[in-house]
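Sequences listed follow chains A and B, in order.
Okay, so the first sequence: first residue is 1 according to my numbering, each after it adds one.
Okay, so the second sequence: first residue is 1 according to my numbering, each after it adds one.
These are calculated hints, taken from the structure and not from any lab test.
Be aware that one or more of the hints could be misleading.
[Claimed, not checked] For lysine-lysine, the following DSBU-like pairs were computed, each having C-alpha atoms within a straight-line distance of at most 35 Å:
(1) A/K74 / B/K224
(2) A/K179 / A/K94
(3) B/K242 / B/K224
(4) B/K242 / B/K265
(5) A/K143 / A/K179
(6) A/K94 / B/K265
(7) A/K148 / A/K179
(8) A/K151 / A/K138
(9) A/K94 / B/K242
(10) A/K39 / B/K242
(11) A/K179 / A/K151
(12) A/K94 / A/K119
(13) B/K265 / A/K74
(14) B/K224 / A/K94
(15) A/K119 / A/K138
(16) A/K143 / A/K119
(17) A/K94 / A/K74
(18) A/K148 / A/K138
(19) A/K179 / A/K138
(20) A/K39 / A/K74
(21) A/K39 / B/K265
(22) B/K224 / A/K39
(23) A/K119 / A/K74
(24) B/K242 / A/K74
(25) B/K224 / B/K265
[To be verified] Listed next, with one range per pair, are the computed distances between beta-carbon atoms:
(26) A/A33 / B/A131: 39 to 45 Å
(27) A/V55 / B/G66: 48 to 54 Å
(28) A/N103 / B/G201: 31 to 37 Å
(29) A/E34 / B/N204: 30 to 36 Å
This one's a predicted model, so the numbers in the text were calculated from it and none came from an experiment.
Cβ atoms here follow ideal geometry from the backbone N, Cα and C, with glycine treated the same way.
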Amino acid sequence: MQVTRRQFFRICAAGVGSSSLAALGFAPGEALAEVRAFKLARTTETRNTCPYCSVGCGLLMYSLGDNAKNTRGKIIHVEGDPDHPVNRGTLCPKGAGLLDFVNSPHRLQYPQYRAPGSKEWTRISWDDAFSRIARLMKDDRDKHFIAKNDKGETVNRWLSTGFLAASASSNETGYLTYKVVRSMGILGFDNQARV
Amino acid sequence: MTTTLLQPGEIEAAAGDIPELRLPPADLFLMRARRLEQLSEGHALGDYLRFVARLAHAQQAALDAGPAGEPPAADRLAQCREYQMPPLAPAGLALPAGWRDTARQLAQAVKSGLPAPGQTALEPILSGEDAWLDAQAVQLFEGHTQALDAAIAPVIGAALQVHWSHLARQLHPAQVARPEHPNLCPVCGSHPVSSMVRIGGAENGLRYLHCTLCNSEWHVVRAKCSNCDNTRDIACYHLEGKDRLVQAESCPECQTYLKVIHQEKDPQADPVADDLATLTLDLLMDEAGFARSGINWYLIHGPA
Numbered sequence: 001m002q003v004t005r006r007q008f009f010r011i012c013a014a015g016v017g018s019s020s021l022a023a024l025g026f027a028p029g030e031a032l033a034e035v036r037a038f039k040l041a042r043t044t045e046t047r048n049t050c051p052y053c054s055v056g057c058g059l060l061m062y063s064l065g066d067n068a069k070n071t072r073g074k075i076i077h078v079e080g081d082p083d084h085p086v087n088r089g090t091l092c093p094k095g096a097g098l099l100d101f102v103n104s105p106h107r108l109q110y111p112q113y114r115a116p117g118s119k120e121w122t123r124i125s126w127d128d129a130f131s132r133i134a135r136l137m138k139d140d141r142d143k144h145f146i147a148k149n150d151k152g153e154t155v156n157r158w159l160s161t162g163f164l165a166a167s168a169s170s171n172e173t174g175y176l177t178y179k180v181v182r183s184m185g186i187l188g189f190d191n192q193a194r195v
Numbered sequence: 001m002t003t004t005l006l007q008p009g010e011i012e013a014a015a016g017d018i019p020e021l022r023l024p025p026a027d028l029f030l031m032r033a034r035r036l037e038q039l040s041e042g043h044a045l046g047d048y049l050r051f052v053a054r055l056a057h058a059q060q061a062a063l064d065a066g067p068a069g070e071p072p073a074a075d076r077l078a079q080c081r082e083y084q085m086p087p088l089a090p091a092g093l094a095l096p097a098g099w100r101d102t103a104r105q106l107a108q109a110v111k112s113g114l115p116a117p118g119q120t121a122l123e124p125i126l127s128g129e130d131a132w133l134d135a136q137a138v139q140l141f142e143g144h145t146q147a148l149d150a151a152i153a154p155v156i157g158a159a160l161q162v163h164w165s166h167l168a169r170q171l172h173p174a175q176v177a178r179p180e181h182p183n184l185c186p187v188c189g190s191h192p193v194s195s196m197v198r199i200g201g202a203e204n205g206l207r208y209l210h211c212t213l214c215n216s217e218w219h220v221v222r223a224k225c226s227n228c229d230n231t232r233d234i235a236c237y238h239l240e241g242k243d244r245l246v247q248a249e250s251c252p253e254c255q256t257y258l259k260v261i262h263q264e265k266d267p268q269a270d271p272v273a274d275d276l277a278t279l280t281l282d283l284l285m286d287e288a289g290f291a292r293s294g295i296n297w298y299l300i301h302g303p304a
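Kindly produce the complete structure, drawing on both the sequences and the hints.
Structure, rendered in structure tokens:
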């Protein structure tokens, strides 16, 4: 008796001819002919975590495409993961709307800039975006950095800039956020989705 | 208007523990028979599904009659639980008294509706020696499908299902241990037929594997290979253009699949009946290079 490992069972067209079906006098012809009328459709099933907030609800995501070259995967269904201890299959309205969010044509796919006082967003390159952010941060830090407090103790604070990171980040992302932000002296930073 | 304040514990209870084991209900074969009759309408395998429905009706009658058999004694159950072994594993039990009578009753009940070759093929059950019948049962338990007489296997299997379901119904889920990697039935150690994502109550949305012998169901998380525990690149296949009630969940690591039946798409779906009615999906999965990790005793396949 096998109790520790699984056996496999091959079910193929040739085997149907000697199956219970045929041995009991039934004709398998129609069932075998039907096979030719169908094709398999494939969906990938993946477990993930909702990105919206720090509750971290479990998700099951279903997508088309097989990761092959020249094909683009498409998520077709998202539902709460019934096995996940946090949400047991439930999702809040934001999480329940994830599919539309993922497939939205209005998703931001490149950096945009709106000048002070302007109503227009203009597309800029990633290099321009990074340069501009770095420039503004450096200028502000140079101007407002507090190296020592009133008592002459070294504090190295930069209080005039804050930092908001993502809520569903991994531990590793949290570690990097902390290292980058604190090493510049920023004290005001948070990871949350209550906005 | 009154306001109800949630008290500590109320939210936790709602999200409570996952029911790990579903033991078979009293009317399982009746439900199966009705589902088979429903599925047989206009089906390419309609005649065969109607034959299996008659077999399932006969199984229900045999179960209702109260077959012989008691589960192991309390100390044995406790021992199995401690070592995470299936308490009703056929290897550890004698074949139940009266199982051959059940097999003969079932054969008698379905025989008249069969085509002539089928009537002849079932004759060995009615006239065969006890030792030969017992040997057939052991071959079925051990999964030696090539060595089986494919014509009589469904009836032998059906009789064993009646007796083991009767035994399983006398257990309480708390008496059965859950192995760490439950790819075989925690109650009797047999293979699954298929799996089903259930609806309603605490089981809503959870996937249960259905045992081919004792008809118990055990929980295995979704999007995970129930054979090798892989969770990467799990792919579900269904017939293009048909509904997704029955899908084949396949694993690229071990190249096997098990069907997942989504009860939310049809509340009357049955893990055994709907598996049988989707033979086309099996044949296409074989062409795609996947082996089947579940077995359905109602349709034993011969050598290729």
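We went through each hint and held it up to the structure:
1. Straight-line distance between C-alpha atoms of A/K74 and B/K224 comes to about 21 Å, which keeps the hinted pair within the 35 Å bound.
2. Annotation: proposed proximity of A/K179 to A/K94 holds, straight-line Cα distance about 31 Å (limit 35 Å).
3. A hinted pair counts as satisfied when its Cα atoms are at most 35 Å apart, and B/K242 with B/K224 qualifies at roughly 24 Å.
4. For a cut-off of 35 Å, the pair hint linking B/K242 to B/K265 stands: about 12 Å separates their Cα positions.
5. Taken as a hint, the A/K143 and A/K179 pair is honoured in the structure, with Cα atoms around 22 Å apart against an allowance of 35 Å.
6. Taking the CA atoms of A/K94 and B/K265, the gap is about 25 Å. The hint holds against a cut of 35 Å.
7. Restraint check: the Cα-Cα separation between A/K148 and A/K179 comes to about 21 Å, which is no more than 35 Å; the hinted pair holds.
8. Of the pairs offered as hints, the one joining A/K151 and A/K138 holds, with about 26 Å between alpha carbons and a cut-off of 35 Å not exceeded.
9. Restraint check for A/K94 and B/K242: the C-alpha separation of about 31 Å stays at or below 35 Å, so the hint holds.
10. Taking the CA atoms of A/K39 and B/K242, the gap is near 10 Å; set against the 35 Å cutoff, the hint holds.
11. For the proposed pair A/K179 and A/K151, the alpha carbon gap of about 27 Å is at most 35 Å, so the pair holds.
12. For the hint pairing A/K94 with A/K119, the CA-to-CA distance comes to about 28 Å; that is within 35 Å, so the pair holds.
13. The suggested pairing of B/K265 with A/K74 holds, with an alpha-carbon distance near 23 Å, which does not exceed 35 Å.
14. Distance restraint check for B/K224 and A/K94: the Cα-Cα separation of roughly 26 Å lies within the 35 Å cut-off, and the hinted pair is therefore satisfied.
15. Of the pairs offered as hints, the one joining A/K119 and A/K138 holds, with about 26 Å between alpha carbons and a cut-off of 35 Å not exceeded.
16. This hinted pair checks out: A/K143 and A/K119 have alpha carbons roughly 29 Å apart, not beyond 35 Å.
17. In summary, the hint linking A/K94 to A/K74 is supported, as the alpha carbons are separated by about 20 Å, within the 35 Å threshold.
18. A C-alpha spacing of about 19 Å is found between A/K148 and A/K138, which places the hinted pair at or below 35 Å, so the restraint holds.
19. Of the pairs offered as hints, the one joining A/K179 and A/K138 holds, with about 17 Å between alpha carbons and a cut-off of 35 Å not exceeded.
20. At most 35 Å may separate the alpha-carbon atoms for a hinted pair to count; A/K39 and A/K74 meet this at roughly 20 Å.
21. A C-alpha spacing of about 21 Å is found between A/K39 and B/K265, which places the hinted pair at or below 35 Å, so the restraint holds.
22. Restraint check for B/K224 and A/K39: the C-alpha separation of about 24 Å stays at or below 35 Å, so the hint holds.
23. Between A/K119 and A/K74 the alpha-carbon distance is near 34 Å, which keeps this suggested pair within the 35 Å criterion.
24. In summary, the hint linking B/K242 to A/K74 is supported, as the alpha carbons are separated by about 20 Å, within the 35 Å threshold.
25. A C-alpha spacing of about 21 Å is found between B/K224 and B/K265, which places the hinted pair at or below 35 Å, so the restraint holds.
26. Checked against the hint of 39 to 45 Å, the pair A/A33 and B/A131 passes, with Cβ atoms roughly 41 Å apart.
27. Distance hint check for A/V55 and B/G66: the Cβ-Cβ separation is about 50 Å, which falls inside the suggested range of 48 to 54 Å.
28. At about 32 Å, the CB distance of A/N103 to B/G201 agrees with the hint of 31 to 37 Å.
29. Remark: the range hint 30 to 36 Å for A/E34 to B/N204 is upheld by a beta-carbon distance near 33 Å.
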